[in-house]
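Kindly produce the complete structure, drawing on both the sequences and the hints.
Here's the letter readout for the chains.
Number of protein chains: 2
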Amino acid sequence: MLHLVIADSELELVPKSIVEHPAVVNYAKKRKKRPEEVILEGSYHHSALKKLEDGERRGRPDIVHICLLNALESIANREGKLRVYVHTRNDEVIYVNPETRLPRNYNRFLGLMESLFKNRVVPKDLALLRLEEKTLGELVEEINPDGVFVMHEEGKLVKPRAFGEVLAGLENPVVIVGGFPHGDFLSEVPWEKISIYESSLMAWIVINEVLVNFEANRTFL
Amino acid sequence: MLHLVIADSELELVPKSIVEHPAVVNYAKKRKKRPEEVILEGSYHHSALKKLEDGERRGRPDIVHICLLNALESIANREGKLRVYVHTRNDEVIYVNPETRLPRNYNRFLGLMESLFKNRVVPKDLALLRLEEKTLGELVEEINPDGVFVMHEEGKLVKPRAFGEVLAGLENPVVIVGGFPHGDFLSEVPWEKISIYESSLMAWIVINEVLVNFEANRTFL
Numbered sequence: 024m025l026h027l028v029i030a031d032s033e034l035e036l037v038p039k040s041i042v043e044h045p046a047v048v049n050y051a052k053k054r055k056k057r058p059e060e061v062i063l064e065g066s067y068h069h070s071a072l073k074k075l076e077d078g079e080r081r082g083r084p085d086i087v088h089i090c091l092l093n094a095l096e097s098i099a100n101r102e103g104k105l106r107v108y109v110h111t112r113n114d115e116v117i118y119v120n121p122e123t124r125l126p127r128n129y130n131r132f133l134g135l136m137e138s139l140f141k142n143r144v145v146p147k148d149l150a151l152l153r154l155e156e157k158t159l160g161e162l163v164e165e166i167n168p169d170g171v172f173v174m175h176e177e178g179k180l181v182k183p184r185a186f187g188e189v190l191a192g193l194e195n196p197v198v199i200v201g202g203f204p205h206g207d208f209l210s211e212v213p214w215e216k217i218s219i220y221e222s223s224l225m226a227w228i229v230i231n232e233v234l235v236n237f238e239a240n241r242t243f244l
Numbered sequence: 024m025l026h027l028v029i030a031d032s033e034l035e036l037v038p039k040s041i042v043e044h045p046a047v048v049n050y051a052k053k054r055k056k057r058p059e060e061v062i063l064e065g066s067y068h069h070s071a072l073k074k075l076e077d078g079e080r081r082g083r084p085d086i087v088h089i090c091l092l093n094a095l096e097s098i099a100n101r102e103g104k105l106r107v108y109v110h111t112r113n114d115e116v117i118y119v120n121p122e123t124r125l126p127r128n129y130n131r132f133l134g135l136m137e138s139l140f141k142n143r144v145v146p147k148d149l150a151l152l153r154l155e156e157k158t159l160g161e162l163v164e165e166i167n168p169d170g171v172f173v174m175h176e177e178g179k180l181v182k183p184r185a186f187g188e189v190l191a192g193l194e195n196p197v198v199i200v201g202g203f204p205h206g207d208f209l210s211e212v213p214w215e216k217i218s219i220y221e222s223s224l225m226a227w228i229v230i231n232e233v234l235v236n237f238e239a240n241r242t243f244l
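Sequences listed follow chains Z and E, in order. In terms of the numbering used here, the first sequence opens at residue 24 and continues consecutively. In terms of the numbering used here, the second sequence opens at residue 24 and continues consecutively.
It is worth saying that the hints were derived from the structure and are not from the lab. Possibly wrong hints are sitting among the right ones.
Identical chains blur together in the list; that is why a pair holds if it fits in one copy or across any two.
Dumping the calculated DSS-like pairs for lysine-lysine here, alpha-carbon to alpha-carbon at most 27 Å [to be verified]:
#, residue 1, residue 2
1, K104, K179
2, K104, K52
3, K74, K179
4, K182, K52
5, K104, K182
6, K141, K39
None of the values given here were measured: they were computed from a predicted structure.
Quick look at the structure:
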């Protein structure tokens, strides 16, 4: 089983310090929610983000959405060889049931995330998504892997195909991909760092490269 | 150069026959546009879609968005080895400049498409996206490829890696992927049909498999 962790994702509710900002208040009103119940979204809350520490990278649920659409529909997941976790900048972990069929529409995805942050589990009966307070280190320990790799611009340069071979040779590897637009991990990442390309790639592209090359080295393809 | 065509995409303006439907009128009003200027979107215009032929598959710009985000950010494109085209159900072709940095936010993407359908080219100065009336057959002829492959559930089953090798051995292959949620091509597709998996896959997953396996067989990786 390959364990994919989208780490330090910029996915969070609007922080308390900006719930009264007009950009947030108006957005929440339009969506018929309370300001503290909506997911921070950089495109919509741009002016409010300027008031926040790390504001230039925060509010990027779109990255999580695209990463999940690629991972959950992948052949590796269809074959039952993948587990996906979303770890956030506030040290929450979302456990994603591999059967989850995520909304393709971004606004519906935001609604689902809002419901998840409110109820800690969605949908109530099936619990396809479950949110817990947990650090990246605690998650990795819990998975108890036989290899942990952090995808990182400054890591050891390995061709994607060769990296797929390494993963396919392990029983229970963890691959950590940053769920943020730029900059570095906020969490400590004391594991082997791997780079698959000479310059930086979007998180979802790294995921595609990892999953496709992992699959191609497994007997199920 | 690999030429990727997302064909018979369910990307169109709201058809005339439903511009007066309340679901469309209300949506357009919210977005401060005229009903005939907005892109048909299945999640928002669901009740109006029921009045349309093929309504159960139409209004899926989200598929085009995800496919383009994966293709344009891919290593193949970063290396200058890819050209991407979006062909629509109404026989329009969008030529996508490989330098295009597409909006990650879905609502902004919809705005960009609306502008493209209105002005036929966006942005006016750079012309990163350009729309022309053209059939799939005419587009393929224009590209003048040395191989044309249609990704199709009922095609010849080939492992993704082996298919990547075939593509890498050609100078100018065209790969056609259906930009619709289910069903078959509307256009005639009188070319070799290839299936890379035993059951159907989302369009963007097929694109990921094709691009990653193509890259891995080229000298640039």
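Outcome of the hint check:
1. When the C-alpha separation of K104 and K179 is checked against a cutoff of 27 Å, the pair qualifies both within a copy, at 25 Å, and between copies, at 25 Å.
2. Proximity of K104 and K52 under a CA criterion of 27 Å is satisfied in neither setting, with 42 Å inside one chain copy and 46 Å between copies.
3. Proximity of K74 and K179 under a CA criterion of 27 Å is satisfied in neither setting, with 36 Å inside one chain copy and 56 Å between copies.
4. Taking CA atoms no more than 27 Å apart as the test, K182 paired with K52 passes in neither setting, with 48 Å inside one copy and 50 Å between copies.
5. When the C-alpha separation of K104 and K182 is checked against a cutoff of 27 Å, the pair qualifies both within a copy, at 22 Å, and between copies, at 18 Å.
6. When the C-alpha separation of K141 and K39 is checked against a cutoff of 27 Å, the pair qualifies only within one copy, where the shortest distance is 15 Å, while the shortest distance between copies is 41 Å.
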